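Enquirer: So the chains spell out like this:
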Amino acid sequence: MHWAVILPLLFFLIIIFGIGIWANRQVVQSNSFLQEYFLGGREMGGFILAMTMMATYGSASSFIGGPGVAYNTGLGWVLLAMAQLPAGYFVLMVLGKKFAIVARRIEAITLIDFLKKRYDSHTIVILSAFSIIIFLFASMMAQWVGGARLIESLTGLSYTTALLIFAASVLIYVVIGGFRAVALTDAMQGTIMIIGTVILLIATIIAGGGVDHIMQDLVADNPNLISPFGADQSLTPLYVSTFWILIGLGVIGLPQIAVRAMSYKDSKSLHRAILIGTIGIGTIMFGMHLIGVFARSVMPGIEIGDKVMPLLTLEVLPPVIAGVVLAAPMAAIMSTVNALLILVSSTVVKDIYLNYINPKATDKQIKSRSFWVTTIIGVAVVILAVNPPELLIMLNLFAFGGLESAFLWSVVFGLYWKKANKYGAISSMIVGIGLYIYIYEFQTNIFGMHSVTIPIFASLLTFVVVSLVTQKMKKIEDYHF
Amino acid sequence: MNYMQDKRFKIAHKEALIGVGLVILNFAIWYGFAYGLGSGNPAEYRYILGFPEWFFYSCIAGTIFMVICIWLAMKLFFKDIPLDEEEEKR
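Protein chains in written order, with the numbering used here: chain A, 1 to 481; chain B, 1001 to 1090.
Next up, chain B with everything else stripped away, as it sits in the complex (with noise of 0.2 Å):
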């Protein structure tokens, strides 16, 4: 068998770039949210259900808009392919 032209390596090159997409975008929120709205005076800030707005935006909302992200990731982008050799033969 040509190993080089193992078709499960492509999907699994596509799936680790998407993995790096996701980190940029993670960092981005965290990063936009927290030092954007964060870095006016403490006395100032506004809140969200109690929370500092950057910290409820950066931390909170963030992080469960990044497990949507990674939830329709899995849905629509990443394939259901074998592992072992002889899965891969049946």
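Bound-form chain A, shown alone (with noise of 0.2 Å):
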């Protein structure tokens, strides 16, 4: 055991921990149990929304997956990866104030309260409910296997032993602070992100001797390493601006983000953290992609993509620093859990046990609900981490882009089109969905695109004929929007 690499990282879940307690304090004094357990009152402040953004979405792939696969594709790699610049604004910009308001003055608390407000359907509500709680359980249990491996390899605890450390301590804090819990883990979490990758890519370019002679290293390696099409010339320009779709534009449906743009105090913060957000995510993006590139000059011939990060780390950097810095990889890991967790949670008691099961339950009744769902699912999600079953791991694959194709349109058209109905609703979410997984199992790439393309084509174009055709039908009530 590297006691000077893991003593950092003890140091951070304790402060963690002191987070967790701290918000429960206001969870036990506020007087709307809902609002404040799973929105945390409204009251982050524009750095806290742009770490928590930046921090539930940056995720082991960010990482751990992406620098893996930097290192062996090379700068086209960080090319792609930068699509990801508009999660930073894009969201924030488009949902902003109109979203916030709306949420607002219709007492949201959830995506599917809004989508349940605005379309006044209940197929809408179950299917969304659905969809949130199976792709999102699914990538729960993906990011505690990547937690769980990370802590392994640095610790040589056994994986079980490592998951059940790595669970528990997301878990507490989770139930017991609630979403505000959430949020300020993750504004340190974010820093720590920034922070670890900023001095790794110095101390990288710094092993490496200089980028002139990293590069001269590259080149002699394999030219097309340094080219935007990739080591084996695999990244046609269709293909990588696709990209732009699934992890730049798509975001916006994608619950447990949209559901922070609702979530901030005023137009103030909403302004700095689209500003504070975009650089975090750009440095993020960047520097983690471009360290895996880097990562092939220094530490060449490493054979298991996921382990370039760590073992890099360790490489270059002096134990006590490599602690803070593998601290990023475990922060992006928890913000991104914890951000599914509160979602899943709230989906289960605000949309599914509020609505259906019992519409007249106490606070009391609440908040003991709350805690036992929150901590009920956590710990199914860590036992099926155990052994992951197969199933699952295909469901996460396809999460991201699936919870785009079913909710993207019914959002934006919700907040922006009037003659959006619920039948263009439904009928796009049944096609986004359908034909993602469609795709994704028998014609992936198909036409050369990623296979969210053709499903958010689809889901646009079926939302639009759907609720052009079925106008008569039914009076919407748009006072609201």
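To be clear, the hints were calculated from the coordinates, so they are not data collected in a lab.
Only a predicted model underlies this, so the values are computations on that prediction, with no experimental measurement involved.
Check each hint, because a few of them may be wrong.
Said to hold, decoys possible - Below, computed lysine to any residue pairings styled on SDA-like, alpha-carbon distance capped at 20 Å:
{"#": "1", "chain 1": "B", "residue 1": "K1075", "chain 2": "A", "residue 2": "L275"}
{"#": "2", "chain 1": "A", "residue 1": "K268", "chain 2": "B", "residue 2": "K1075"}
{"#": "3", "chain 1": "B", "residue 1": "K1079", "chain 2": "A", "residue 2": "G45"}
{"#": "4", "chain 1": "A", "residue 1": "K364", "chain 2": "A", "residue 2": "I352"}
{"#": "5", "chain 1": "B", "residue 1": "K1075", "chain 2": "A", "residue 2": "R272"}
{"#": "6", "chain 1": "A", "residue 1": "K265", "chain 2": "B", "residue 2": "K1079"}
{"#": "7", "chain 1": "A", "residue 1": "K268", "chain 2": "B", "residue 2": "I1081"}
{"#": "8", "chain 1": "A", "residue 1": "K265", "chain 2": "B", "residue 2": "D1084"}
{"#": "9", "chain 1": "A", "residue 1": "K268", "chain 2": "B", "residue 2": "W1071"}
{"#": "10", "chain 1": "A", "residue 1": "K117", "chain 2": "A", "residue 2": "K418"}
{"#": "11", "chain 1": "B", "residue 1": "K1010", "chain 2": "A", "residue 2": "W417"}
{"#": "12", "chain 1": "A", "residue 1": "K268", "chain 2": "B", "residue 2": "G1032"}
{"#": "13", "chain 1": "A", "residue 1": "K418", "chain 2": "B", "residue 2": "F1009"}
{"#": "14", "chain 1": "A", "residue 1": "K265", "chain 2": "B", "residue 2": "F1009"}
{"#": "15", "chain 1": "A", "residue 1": "K117", "chain 2": "A", "residue 2": "N355"}
{"#": "16", "chain 1": "B", "residue 1": "K1014", "chain 2": "A", "residue 2": "W417"}
{"#": "17", "chain 1": "B", "residue 1": "K1014", "chain 2": "A", "residue 2": "V412"}
{"#": "18", "chain 1": "A", "residue 1": "K117", "chain 2": "A", "residue 2": "L34"}
{"#": "19", "chain 1": "A", "residue 1": "K364", "chain 2": "A", "residue 2": "N24"}
{"#": "20", "chain 1": "A", "residue 1": "K265", "chain 2": "A", "residue 2": "W417"}
{"#": "21", "chain 1": "B", "residue 1": "K1075", "chain 2": "A", "residue 2": "I279"}
{"#": "22", "chain 1": "A", "residue 1": "K117", "chain 2": "B", "residue 2": "E1085"}
{"#": "23", "chain 1": "A", "residue 1": "K419", "chain 2": "B", "residue 2": "D1006"}
{"#": "24", "chain 1": "B", "residue 1": "K1007", "chain 2": "A", "residue 2": "R104"}
{"#": "25", "chain 1": "B", "residue 1": "K1014", "chain 2": "A", "residue 2": "R272"}
{"#": "26", "chain 1": "A", "residue 1": "K268", "chain 2": "B", "residue 2": "K1007"}
{"#": "27", "chain 1": "B", "residue 1": "K1007", "chain 2": "A", "residue 2": "Y416"}
{"#": "28", "chain 1": "A", "residue 1": "K268", "chain 2": "B", "residue 2": "D1084"}
{"#": "29", "chain 1": "A", "residue 1": "K116", "chain 2": "A", "residue 2": "I357"}
{"#": "30", "chain 1": "A", "residue 1": "K360", "chain 2": "A", "residue 2": "L157"}
{"#": "31", "chain 1": "B", "residue 1": "K1014", "chain 2": "A", "residue 2": "S269"}
{"#": "32", "chain 1": "A", "residue 1": "K268", "chain 2": "B", "residue 2": "V1067"}
{"#": "33", "chain 1": "B", "residue 1": "K1079", "chain 2": "A", "residue 2": "R104"}
Combine the two chains into a complex, taking the hints into account.
Expert: As structure tokens, then:
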């Protein structure tokens, strides 16, 4: 065991716990439990909003998987990763003020609350709740597997022990602290992610003898490593461009991101968050993927991509600083899991329990249900992550695109198009998810584009056509929107 | 109150359109420099600060340029409006 590396990580966990306990006091004192527990009382300032967007978005793949692929592919993969820059400003600019105003007006706490009021349809509520629970459950599990593997390789503990330590620490602060704990720990985790990226990038450049020298090494290895087309020339402009839809623009359709656009305090916070968030996402995505490419010159011959980042960190940094930097991927994983956990929990409690099972629940009942639901979901994910089932791994792989295909247009048109109605929304959700699953399974990279491209366009078309055709079927009450 | 006439929505709609415009600009810079300068033979690339020219303009200078544009958009076009109903009546 490298104690010098582990101590900073432990210190990091202790601070995170402290934040959870502090947030729990706000939950106990609050007079609107639902607003406080699931939205943190809509009190996020600019810095926290930026960090929680970024930390929720940046996950195991930004710090572990991504740099590993960049190691094998070269600068072309950094180019692809930079398609994520809009995730920092586009979501907040497009949903931004309108979503926040409408959400306050109709007292929406979840994305489904908004869709329910806007489209007035039980089918949408159930369809949405179902896709959120299934897809995000699978994503959570995958993040946990990643976190456990990371701790396993750093400490030498067994996979199961590592998983339990990791899961217990996340569960406790999320269950007791709710959204406020999630957002505040995200702020700290996001900061660590940025600082860790910058330190490691500088150390890697120094270890590689400067950028010029590293580039010479790469060219000597394979000149295509420094081209935009990737080491084996497989990254076509069309394929790389379609990533803009998946990881840049479609992010609006991710419920865990959209819900943050209704939880901030005021306009000023939004403006500040847009700027800080873009700088943060730009730094992390550029830095981590470039580190992956540079690692090829500093430490050639690593066979397993996922090990590039941890091995490089231990190689180029002194142990204590390596601990700080390795807290970054841990922070990324924890901050993604905690956001998904509180979102799935709010879906179960608010959208299913309060809508269909017990609409007259007292505050005390809601409170205890929320704590229990969060705990049970968390524990269930851990149990599944001990031995991940094939089906959930598959679902996780298309969770991102599946959720975007389902929600992107319902949210965007719901906000900005008066003629959007429930028939359009339902059919576009079904077409989006159905087509995505089909293409993903049978026709990956159809016409050389990422699998999400066609479902997104097909659900757009379906939405518009069906809404227009069914205009006369039901007058929509649009005065809230 | 007549919600349809909410003046805040007009501002929100304009700001959302600015977002769309910025993304289009972002994509154009990113794509143009990457494939415009990077399509040739890697052996003949020119370098800036050690990075291939296409990479420097598309991923480094382009990103910094976008951050400046976003900062300007916040300063010049984005308005400070109340989000709550009570705040608005005050």
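Enquirer: Please go over all the hints and tell whether each is borne out by the structure.
Expert: Hint by hint, here is what the structure shows:
{"no.": "1", "hint": "K1075(B) <-> L275(A)", "in the structure": "holds, 11 Å"}
{"no.": "2", "hint": "K268(A) <-> K1075(B)", "in the structure": "holds, 11 Å"}
{"no.": "3", "hint": "K1079(B) <-> G45(A)", "in the structure": "holds, 17 Å"}
{"no.": "4", "hint": "K364(A) <-> I352(A)", "in the structure": "holds, 17 Å"}
{"no.": "5", "hint": "K1075(B) <-> R272(A)", "in the structure": "holds, 10 Å"}
{"no.": "6", "hint": "K265(A) <-> K1079(B)", "in the structure": "holds, 15 Å"}
{"no.": "7", "hint": "K268(A) <-> I1081(B)", "in the structure": "holds, 9 Å"}
{"no.": "8", "hint": "K265(A) <-> D1084(B)", "in the structure": "holds, 10 Å"}
{"no.": "9", "hint": "K268(A) <-> W1071(B)", "in the structure": "holds, 13 Å"}
{"no.": "10", "hint": "K117(A) <-> K418(A)", "in the structure": "holds, 14 Å"}
{"no.": "11", "hint": "K1010(B) <-> W417(A)", "in the structure": "holds, 13 Å"}
{"no.": "12", "hint": "K268(A) <-> G1032(B)", "in the structure": "violated, 34 Å"}
{"no.": "13", "hint": "K418(A) <-> F1009(B)", "in the structure": "holds, 13 Å"}
{"no.": "14", "hint": "K265(A) <-> F1009(B)", "in the structure": "holds, 18 Å"}
{"no.": "15", "hint": "K117(A) <-> N355(A)", "in the structure": "holds, 12 Å"}
{"no.": "16", "hint": "K1014(B) <-> W417(A)", "in the structure": "holds, 14 Å"}
{"no.": "17", "hint": "K1014(B) <-> V412(A)", "in the structure": "holds, 14 Å"}
{"no.": "18", "hint": "K117(A) <-> L34(A)", "in the structure": "holds, 18 Å"}
{"no.": "19", "hint": "K364(A) <-> N24(A)", "in the structure": "holds, 16 Å"}
{"no.": "20", "hint": "K265(A) <-> W417(A)", "in the structure": "violated, 26 Å"}
{"no.": "21", "hint": "K1075(B) <-> I279(A)", "in the structure": "holds, 16 Å"}
{"no.": "22", "hint": "K117(A) <-> E1085(B)", "in the structure": "holds, 18 Å"}
{"no.": "23", "hint": "K419(A) <-> D1006(B)", "in the structure": "holds, 18 Å"}
{"no.": "24", "hint": "K1007(B) <-> R104(A)", "in the structure": "holds, 16 Å"}
{"no.": "25", "hint": "K1014(B) <-> R272(A)", "in the structure": "holds, 18 Å"}
{"no.": "26", "hint": "K268(A) <-> K1007(B)", "in the structure": "holds, 18 Å"}
{"no.": "27", "hint": "K1007(B) <-> Y416(A)", "in the structure": "holds, 15 Å"}
{"no.": "28", "hint": "K268(A) <-> D1084(B)", "in the structure": "holds, 14 Å"}
{"no.": "29", "hint": "K116(A) <-> I357(A)", "in the structure": "holds, 16 Å"}
{"no.": "30", "hint": "K360(A) <-> L157(A)", "in the structure": "violated, 47 Å"}
{"no.": "31", "hint": "K1014(B) <-> S269(A)", "in the structure": "holds, 18 Å"}
{"no.": "32", "hint": "K268(A) <-> V1067(B)", "in the structure": "holds, 17 Å"}
{"no.": "33", "hint": "K1079(B) <-> R104(A)", "in the structure": "holds, 19 Å"}
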